[in-house]
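Participant: With the sequences and hints as input, model every part of the structure.
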Amino acid sequence: MSYNEAFMARAIELSKAALTKPGTEPFGAVVVLDGEIVGEGLNHSLANLDPTSHGEVEAIRDACRRLGRVDLSGADLYTSCEPCALCVSTMAIAGIAHLYYAASADQAGQVLGGLSRKARHPIDVDHLRKEAGSPVAERDMPAEQHMESQANDVIVSWSRMKQEG
21 MSYNEAFMAR AIELSKAALT KPGTEPFGAV VVLDGEIVGE GLNHSLANLD
71 PTSHGEVEAI RDACRRLGRV DLSGADLYTS CEPCALCVST MAIAGIAHLY
121 YAASADQAGQ VLGGLSRKAR HPIDVDHLRK EAGSPVAERD MPAEQHMESQ
171 ANDVIVSWSR MKQEG
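If you use the working numbering, the sequence shown closes out at 185, no skipped numbers anywhere.
Among the hints, erroneous ones may be present.
Claimed, not checked - With a straight-line cut-off of 25 Å between C-alpha atoms, the simulated SDA-like cross-links for lysine to any residue are:
#, residue 1, residue 2
1, Lys36, Glu168
2, Lys150, Asp126
3, Lys36, Gly55
4, Lys36, Leu53
5, Lys150, Tyr120
6, Lys182, Pro162
7, Lys36, Pro71
8, Lys150, Ala105
9, Lys36, Leu119
10, Lys41, Ala29
11, Lys36, Ala123
12, Lys36, Asp91
13, Lys36, Asp144
14, Lys182, Gly88
15, Lys41, Arg30
16, Lys41, Tyr23
17, Lys41, Val58
18, Lys36, Leu106
I should point out that these hints are in silico values taken from the structure, not numbers from a laboratory.
Facilitator: Shown next as structure tokens:
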């Protein structure tokens with residue numbers, strides 16, 4: 021499928037809700053499959069007290085619920101702003117085929133960078149990209165592994181159960 025201005029206009033229209041709706045931020049998105057919007061989302065991180073409640077993630081959640089599945093292979097995502105690493109990861113997991121975005125992350129960062137932490141849910145996009153793409157031993161956040169064999173036993177058991185069932 022190719023770019024459709026009406027879908028981008030809808031994503032931007034969703035982002036405008038943040039101008040009047042407390043606890044939201046101006047990032048809207050829609051998931052499109054076979055030429056129809058199957059999911060919509062607006063950033064509700066502050067309203068939901070959920071740092072993962074980004075517009076793209078919310079649109080994917082909505083699409084999955086509406087379609088009754090977690091595989092959105094072949095779907096396109098239109099968003100009012102270039103997605104962060106969290107959203108890109110979610111898109112990849114869901115099988116989004118193509119991304120269309122309006123404002124760039126740099127443009128949004130320049131505008132939002134001057135706001136206080138209280139006024140917004142701040143994200144260091146560059147740091148998030150680095151952390152999300154790095155092996156656990158190379159991340160800034162300290163991490164330790166414990167009880168790996170017990171956890172792996174559960175994964176092995178679940179896998180066998182799925183193979184047999």
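Participant: Determine for every hint whether it applies to the structure shown.
Facilitator: Hints versus structure:
1. Lys36 <-> Glu168: Violated. Lys36 to Glu168 sits at ~46 Å, over the 25 Å cutoff.
2. Lys150 <-> Asp126: With a Cα-Cα distance of about 16 Å, the restraint between Lys150 and Asp126 holds, given a limit of 25 Å.
3. Lys36 <-> Gly55: It holds: about 23 Å lies between the C-alpha atoms, which stays within 25 Å.
4. Lys36 <-> Leu53: holds (23 Å)
5. Lys150 <-> Tyr120: holds (22 Å)
6. Lys182 <-> Pro162: Given pair Lys182, Pro162 is violated - Cα atoms ~34 Å apart, limit 25 Å.
7. Lys36 <-> Pro71: holds (20 Å)
8. Lys150 <-> Ala105: holds (9 Å)
9. Lys36 <-> Leu119: holds (20 Å)
10. Lys41 <-> Ala29: holds (19 Å)
11. Lys36 <-> Ala123: Within the cut-off at roughly 13 Å; holds.
12. Lys36 <-> Asp91: Between Lys36 and Asp91 the Cα gap is close to 29 Å, so the pair fails against 25 Å, i.e. violated.
13. Lys36 <-> Asp144: holds (23 Å)
14. Lys182 <-> Gly88: Holds, because 20 Å separates the two Cα atoms, which is no more than 25 Å.
15. Lys41 <-> Arg30: Between Lys41 and Arg30 the Cα gap is close to 17 Å, so the pair holds against 25 Å.
16. Lys41 <-> Tyr23: Answer violated: Lys41 to Tyr23 is near 29 Å, above 25 Å.
17. Lys41 <-> Val58: Holds - the C-alpha atoms of Val58 and Lys41 are around 23 Å apart, at most 25 Å.
18. Lys36 <-> Leu106: The given pair, whose Cα atoms are some 22 Å apart, holds under the 25 Å limit.
Checked against the numbered hints above, the structure violates hints 1, 6, 12 and 16; every other hint is satisfied.
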